[in-house]
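Participant: Spelled out, the chains give:
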Amino acid sequence: MAELLRDRETAPGARAFDGPAGPLARAREGLRAYGLITAMWIRSTMAYRTSFVLTALANLAATGLDFVAILLMFSQVDRLGGYGLGEIAFLYGAVSTAFGLADLTMGSMERLGRRVRDGTLDTLLVRPVPVLAQVAADRFALRRLGRVTQGLLVLAYALGSTDIDWTPLKVLMIPLMLISGTGIFASVFVLGAAFQFVAQDASEVQNSFTYGGNTLLQYPPTVFAQELVRGVTYVVPIAFVNWLPGLYVLGRPYPLDLPAWVAFTPPAVAFACLALAGLAWRAGLRSYRSTGS
Amino acid sequence: MSVRSGRFRLYAAVAGGNFRRFATYRTATLAGVFTNTVFGVILAYTYIALWDERPGLGGYDQAQALTYVWLGQALLMAMAAMGGGFETDLMERIRTGDVAVDLYRPADLQAWWLASDLGRAAFHLLGRGVVPMIFGALVFQLALPDDPLTWLATLLAVLLGVVVSFALRYLVALSAFWLLDGAGVAQVSWLAGTFFSGLLLPLHVFPGALGEAARALPWSALLQVPADVFLGRHTGTGLLAVYAFQAAWAAALLALGRLLQGLATRRVVVQGG
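Taken in order, these protein sequences are the chains called D and F. Read in order, the letters of the first sequence correspond to residues 1 to 293 in full-length UniProt numbering. Read in order, the letters of the second sequence correspond to residues 1 to 273 in full-length UniProt numbering.
Incorrect hints may appear among the rest.
Covered stretches of chain F (in silico footprint by chain D; criterion: 3 or more residues with CB under 8 Å from a CB of chain D, positions within the stretch not fixed) [as the list claims (entries may be wrong)]:
id	segment
1	189-195
2	201-212
Beta-carbon label-pair distances, calculated as ranges [stated by the list, open to error]:
id	chain 1	residue 1	chain 2	residue 2	range
3	D	68	F	104	43 to 53 Å
4	D	225	F	4	54 to 64 Å
5	D	168	F	21	52 to 62 Å
Away from chain F, derived, C-beta distances all over 10 Å, residues of chain D [what the hints assert, rightly or not]:
id	residue
6	21
7	142
8	161
9	168
10	199
11	284
What the hints contain is simulated information worked out from the structure, not anything from laboratory work. Don't be surprised by glycine CBs; every beta carbon is placed ideally from N, CA and C.
Model the full assembly from the supplied sequences, consistent with the hints where possible.
Facilitator: Here it is in structure tokens:
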């Protein structure tokens, strides 16, 4: 322990982690810690097996309710915003899977505000493990697999029921879209957590961008006003999760006047968002000044 | 007389205290209002698309459908259909054994929590409901009632709805006496609340038998009934009939809660240690 603590400043809010040298080594260390903490929470979850099964099923059903609502809509109409059920299911499945994966891996960061409020974040700062990894893995909830499962099921249904003019590029686009989408939503979770260092009680604002974004992207962009579509394309670029790549796969035009190659930019957008979120996280962590009580 | 008025003062104090408890978190309230508004906007556009495709769906015109959306956002927290009410607190008290303290208080357990939940609902109606509703009315074309009596009638329907919602969640909370970890039951109940209250889609849009069943279940008292009163679908004796519907569910569920509470306190050993 003494060696581990040796070259670290003890004041909270200073450099939180200064273990292995180099960003790559630090990232590896962070991932390893994330894996260990996650495994611990999974073991703890399994202590109440019945409750786990119930909550996982409830999670699957709860997240599937949106889709049931869409199915109910389609019991009354054939098209919504010019899109058929299969096409909407495709958009829905893609965003649910991506959001579900981000929620599974990073969703615990929502709880940061509480830790800042009651000062328990201090405990995480004195451990020789990257704080981001600890916060992301804190109370890891395996039940969130329910949303991922649900999203994949709807996506499978959509791929089976929609006529898509498949090309190798479109096939490649599916995994690309899911991974980039996960990255974009993960960056929203990290950004939201960084924001909670400043506005501890305002954690619900981030729900507008996570759950709200997820709900928005379940429907085709033609449903919404142009200004809203512009906002989620240029300002908070969640349209890159499934609208831009998804409409390319479906062979539909995007309602904004953008060149065709933009459909292939989600990985770059995800990377940029994650880098930005990382910087915001560092700034937020540095501004942390414990509770003082 | 003095005992009775003392009782009333006690429960009024519990309700008032809980109102103030929720009113303390102003930033959180603002953040919540923001989120309700964002969801209102998203839902409003999907409803516009739906009613463009099928004008008059479920007996609503587009303005009424949009009013329904914003009323749903305004009542969402007050009804605690998706959670956020007292039930997690009570379940935690049952799990830790603190409920023993509640049981030897000179107050009835159910009435105590009902009073506290009414205080919470009153705050959420004002703090979380008013601003999204105003935003919705400014940005979208809503069908707001002209008659002030309709507003009052809606308020009564909302009150009855909150009592039904409480009675349902009280049953959920009591399940912790047997299960200890009531998280799964609570989630299933929030799920049913979200779906069958009409929060996702008006129950009139549900097809056939599903629609009829959904409209007969207690959850329809939470949003569908108050919304229809607000939109002027129930007047005269029809209005009395829906009040009776809400009151009957409230009475039946509260009675069931009493029964379960009696069983729980007689048969179940309180956790301790």
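Participant: Work down the list of hints and note, for each, if the structure agrees.
Facilitator: Going down the list of hints, with the structure as the test:
| no. | hint | in the structure |
| --- | --- | --- |
| 1 | 189-195 | holds (count 4) |
| 2 | 201-212 | holds (count 4) |
| 3 | 68(D) / 104(F): 43 to 53 Å | holds (45 Å) |
| 4 | 225(D) / 4(F): 54 to 64 Å | holds (56 Å) |
| 5 | 168(D) / 21(F): 52 to 62 Å | holds (59 Å) |
| 6 | 21 | holds (40 Å) |
| 7 | 142 | holds (13 Å) |
| 8 | 161 | holds (20 Å) |
| 9 | 168 | holds (34 Å) |
| 10 | 199 | violated (6 Å) |
| 11 | 284 | holds (17 Å) |
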